[in-house]
Amino acid sequence: MSWNRLRRKTVNAAMLMLTAFCTLFAAGTLLFILGYLFVHGARSLSWDFFTKLPAPVGESGGGMANAILGSAKLLLLAMAFGVPLGFLGGVYLAEFGGPGFSFAVRYTADLLNGVPSIVMGIFVFTLVVLKQHHFSTLAGGVALGIMTIPIAIRSSEEFLRAVPPALREGAMALGASKAQAIWTVVIPAAKAGIITGIMLNLARVAGETAPLLFTALSNRFWSPGWNQPTASLPVMIFNYSVAPYEDWHQQAWSAGFVLLSLILAVNILARLILSKKGAALR
Amino acid sequence: MQAPIRDPGAAAAFSNSGAPGETKPLVNGAQAKLSATNLNFFYGNFQALHGISIQVYEKHVTAFIGPSGCGKSTFLRTLNRMNETVRHSRVEGEIRLDGHNIFDLDVNDVRRRVGMVFQKSNPFPKSIFDNVAYGPRINGFGSRSAISDCVEQSLRRAALWEEVKDKLHQSAHGLSGGQQQRLCIARALAVNPEVLLLDEPCSALDPIATAKIEDLIFQLKDSCTIVIVTHNMQQAARVADYTGFFLMGRLIEFDNTTVIFKTPSKKETEDYVTGRFG
Amino acid sequence: MPGSAITAVDARPPGAMPRSLFQRLVSGDRIAYLLTFLCAASVVLVTIALVWELYANSGPSRRQFGLKFLVSSDWDPVAGQFGAAPFIYGTLVTTALAMLIGVPLGVGAAIFLAELAPPGISSGLTFLIELLAAVPSVIIGLLGIFVVIPILRDTVPYLRGALGWMPLFQGPFYGVSLLAAGIVLSIMILPFIISISREVILAVPADQREAALALGATRWEMTWDVVVPYAKKGIVGSIFLALARSLGETMAVTMVVGNTPQIAASLFAPGYSIAAVIANEFAEATGALYQSALVELGLVLFGLTMAINAAARLLVLSTSGKGSA
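Residue numbers (this note's numbering), protein chains in the order written: chain U, 1 to 282; chain C, 1001 to 1278; chain A, 2001 to 2325.
Treat the hints with care, as some may be off.
As the list claims (entries may be wrong) - Negatives, chain U to chain A, calculated, CB over 12 Å: (1) T51; (2) P56; (3) E59; (4) L69; (5) I195; (6) G225; (7) Q228; (8) D247.
To be verified - If you want a taste of the chain A side facing chain U, the calculated C-beta under 7 Å gives, among others: (9) T2036; (10) A2040; (11) I2111; (12) L2132; (13) M2251; (14) A2275; (15) T2305.
Bear in mind the hints are in silico, worked out from the structure with no lab data behind them.
These figures come from a predicted structure and were not determined experimentally.
Glycine included, each C-beta is placed from N, C-alpha and C at the ideal position.
Next comes chain U alone, as it looks inside the complex (with noise of 0.2 Å):
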């Protein structure tokens, strides 16, 4: 073999190890985190920890019961503000939309879900915390529920693009207006896309921490209804992690590992059911 063939097949298999490594190492980070996690989190995972308060600061003991809930609580208000927003506006994008709102509409979608999420939490802010004069948990919902609609408009948008034209006008060839159609057809076709959406969307605002540090704040109790702050995962594993207290970090872990493993479940579950969706269109 001449030196110009060798030079370029040694190049070739040396480029070829070379990206392997870095893909391994990406991949592997993930499979470190998740390990990491496991062995500190899972540990020390207790029934306490689903259902007692937190103790009092330098006592150990207690759990992060409020914190659970109260990240529940959030996500559902995101979920309720921001889908039914998020949803509708996808439907006029794909089905009424003029050229030029629609345009501003996207442009105006992607841009808002470029903002970081604390310049997300200062809008909160002024916009429902100092309108209040208070932190609460409706400003920690408002802000992951703002932060929902670019996603859901977009995503909607697709998964209804993606309904053959075919079978809405058959609907409207029956005598079906053109909502009846969307409504009875073209939004069922789409269903399992769209609810898939709603889960990622869902996952991606749960692990935000951001823009509830001056929205809903956090809380050591209880935060019955919508106008007191209250905690939520996040801000408490990063409270925790942060403070002095070992005991506090193993609750972090603790933490981490429930709010990353609901996380991961609900996407492998979301590409699970859009996988075999896509299967079955074959």
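We have chain U already, so just place chains C and A on it with the hints.
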């Protein structure tokens, strides 16, 4: 285009599938540059080529004709091992280049020696010069001036030099379809291949561009063995010395072009060339 | 009564089934249009409101400091002095470090996944890497504190030994540092670079690859000389998107950067970023000037990320279709 004299004693002996041991001497002295012996090709479980045996003669033009899906392009791609880019594909049998089995040679070397021009022109998004210079550069052809000479020579061989010599550093995408295809031919020629495989090179071109490329093929065959796949029988009749007729993954008949078109021995061949099907 | 022409608004042929209120609502195209239009418009309204609120609430600070805000490094809430320079510096340095680490790793991995890896392995690894994008920032920060920083404590002496002649690698190391922040940021942006670059590389037409192979190029030569240049714009777009993300990253950074408003030459020194200072100080900011200074920081961050995102989208979009000529 002169039909070589039939010589019963000449070297070339091969058999089509289903006709073992049958000798069809066609050549007076011309060497077989490429030869396939009992070649089978599989996509997964599907067998696309059945027992193809054929000889491609040096410095002559060989055409493969046949209806869509007959396997002529598939077979062409085995000749420079491009079929290996398809996953789950499998080859059985031998293909020899100058007597050496190409599956034993280094694949990149085979591809340099057996060049290919594709159905739709595919210049790189680089300048005209860089397109043609790519092959020489990676094969270490030498200094800048050597490569520059090589580019000019290849463009001349492809009858494109006069049209592009003043805009060598402009993008290749600015050329017309016919020019782009000639650029691809120049690019393939730049690595000095011994064989040039043309996979329906004119199917996307207008008649004038097609005529230019057919003229090119006449000029090139003195220096290069040419194999052309074409769905246009008249083109085969115009340019090729030898023609092979493929049907359903089999080589039905292979002979001088005049024989194939005027006095074919197999009924399927006659049906195809007279237009009864395909 | 004479034959009255009944012109009911909802005139329906005899024999038609009666419709419920809901059915009538849903079949009303005008209502559907209006409803969906309002929802779509809400996005535009929210965005306008956001920009307005940021601008209005940063008023006191903008009026007080003007453009000096961006260059002054004096951040003293007690004295009422607010200069953004340390945060801008920290943001830029940590982001630059993240890109330095993340871009080669990310593009390399994308090339492997799109071109060089066998398909089964490729899809499995892609799946894992896309899951990495789903890991929340606060959890990466958790690992930053308890894994990355201890590892750095062990490796910094070697770094100092090898590269200590550069001011970047001098000075004491306490764990929390710009270096740690850059590393956790690179982990956060890696999945984005990989997944977008991988898609644009996959989108390069097959005939380009075949042309290169048919000339005798090796797989790597085909990839590096032909495929990657063709996908260049999209890859750069993905890098811009990653850049925008990394500028706005808050939690992972604030957990490991040290939260010290200073401009130091060394990567070993603690620092601060725009997002981190907002996260840490906003809830307790007293006084209109303090709060508006933080809002102004948010405005700066918003402007930066918007500009970069816009450039990124242009680049990614322009690769769909023709390659770069």
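Legend entry - Restraint outcome when A/I2111 is required to lie within 7 Å of chain U by C-beta distance: 5 Å, holds
Inset, instruction - Mind verifying the non-interface call on U/E59? Its CB should be farther than 12 Å from each CB in chain A. - result: 22 Å, holds
Inset, instruction - Please confirm whether U/I195 is truly not at the interface, meaning its C-beta sits more than 12 Å away from all C-beta atoms of chain A. - result: Per Cβ check, U/I195 is outside 12 Å of chain A; nearest 17 Å; holds.
Inset, instruction - Hey, is U/D247 genuinely clear of chain A, shortest beta carbon separation above 12 Å? - result: Per Cβ check, U/D247 is outside 12 Å of chain A; nearest 14 Å; holds.
Inset, instruction - Would you check whether A/T2305 satisfies its interface hint, that is, whether its CB is within less than 7 Å of any CB in chain U? - result: At 6 Å from the nearest chain U Cβ, A/T2305 passes the 7 Å test, so the hint holds.
Inset, instruction - Could you check if A/A2275 really has its C-beta closer than 7 Å to a C-beta on chain U? - result: 5 Å, holds
Legend entry - 12 Å cut-off, C-beta based - U/P56 kept clear of every residue in chain A: Fine: 21 Å to the nearest Cβ keeps U/P56 off the interface.
Legend entry - Interface hint compliance - A/A2040 to chain U, C-beta minimum distance less than 7 Å: 4 Å, holds
Inset, instruction - Confirm or reject the statement that U/G225 sits farther than 12 Å, beta carbon to beta carbon, from all of chain A. - result: 21 Å, holds
Inset, instruction - Say whether it holds or is violated: U/L69 keeps its Cβ farther than 12 Å from all Cβ of chain A. - result: 19 Å, holds
Legend entry - Restraint satisfaction for A/L2132 [CB to CB of chain U, less than 7 Å]: At about 4 Å, which falls below the 7 Å cut-off, the nearest Cβ of chain U leaves the hint on A/L2132 intact, so it holds.
Inset, instruction - Hey, is U/T51 genuinely clear of chain A, shortest beta carbon separation above 12 Å? - result: 23 Å, holds
In terms of the numbered hints stated before, the structure departs from none.
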